[in-house]
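Asks: This is what each chain is made of:
Number of protein chains: 2
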Amino acid sequence: MFVLMFYDVGEKRVAKVLKTARRYLTWIQNSVLEGELSPAQFESLKVDVKKILKDDYDSVLLYAWRTERYMTKDIIGVERGTVDFMI
Amino acid sequence: MFVLMFYDVGEKRVAKVLKTARRYLTWIQNSVLEGELSPAQFESLKVDVKKILKDDYDSVLLYAWRTERYMTKDIIGVERGTVDFMI
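One line per chain: the protein sequences are A and B, in this order. Mapping of the first sequence onto my numbering: position 50 corresponds to residue 31, and the numbering continues sequentially without gaps. Mapping of the second sequence onto my numbering: position 35 corresponds to residue 16, and the numbering continues sequentially without gaps.
Just so you know, the hints here were simulated from the structure itself, not pulled from any lab data. For glycine and all other residues, C-beta sits at the position ideal for the given N, C-alpha and C. Honestly, I wouldn't trust all of these hints.
[Unchecked claim] When the alpha-carbon atoms are kept at most 25 Å apart in a straight line, the in silico SDA-like pairs for lysine to any residue are as follows:
| no. | chain 1 | residue 1 | chain 2 | residue 2 |
| --- | --- | --- | --- | --- |
| 1 | A | K0 | B | R61 |
| 2 | A | K54 | B | D(-11) |
| 3 | B | K54 | A | I33 |
| 4 | B | K32 | A | E60 |
| 5 | B | K35 | A | E60 |
| 6 | A | K54 | B | I33 |
| 7 | A | K27 | B | W8 |
| 8 | A | K54 | B | D29 |
| 9 | A | K27 | A | E17 |
| 10 | A | K27 | B | R50 |
| 11 | A | K(-3) | B | I56 |
| 12 | A | K27 | B | D55 |
| 13 | A | K(-7) | B | V(-5) |
| 14 | B | K54 | A | Y38 |
| 15 | A | K0 | A | P20 |
| 16 | A | K31 | B | W8 |
[What the hints assert, rightly or not] Taking CB as the label site, the calculated pair distances span:
| no. | chain 1 | residue 1 | chain 2 | residue 2 | range |
| --- | --- | --- | --- | --- | --- |
| 17 | A | Y38 | B | K54 | 18 to 26 Å |
| 18 | B | K54 | A | A21 | 18 to 26 Å |
| 19 | A | V28 | B | S25 | 37 to 45 Å |
| 20 | A | K0 | B | V28 | 34 to 42 Å |
| 21 | A | A21 | B | E(-8) | 38 to 46 Å |
| 22 | A | R47 | B | A(-4) | 30 to 38 Å |
| 23 | A | S25 | B | S19 | 33 to 41 Å |
| 24 | B | K(-7) | A | P20 | 39 to 47 Å |
Start from the sequences, fold in the hints, and give me the full structure.
Replies: Shown next, in the form of structure tokens:
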């Protein structure tokens, strides 16, 4: 399945969330990652991320699609994901 | 079509990009908006956003799907989009 993840978390937890998410997905822009996961990997990602978050403060969104076949992706401006400058 | 938009732009242009994007989409989290658009609205959104951006610095990603029928959405932590506290 194709997964998009966005996180908006407290400063203290940013590096940890990003590090965990990158074990599963590819970083593409500030707070956004994407990738192709198996359903089992997807569940595992959610469990791992949930462990880090402060539930009443942080927010993580996960969109998943069975296929990326019907998807288009437009980039206006710079394609950040090509330069791997974070962590 | 179902559209997801993420922006990562210079501080000076954040408010303007957000204001423009909100004419078309719903803000759901820090730098993320989503919504259902016609193909014509989608093209118009891209044109409007492009006018604001500094092409060699800013980055805007637009994902589009013909339908949101095969999509799942998980929220871990807080659902920010329900509280409309930005601009």
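Asks: Checking each numbered hint in turn, tell me which of them this model violates, lowest number first.
Replies: Those not satisfied: there are none.
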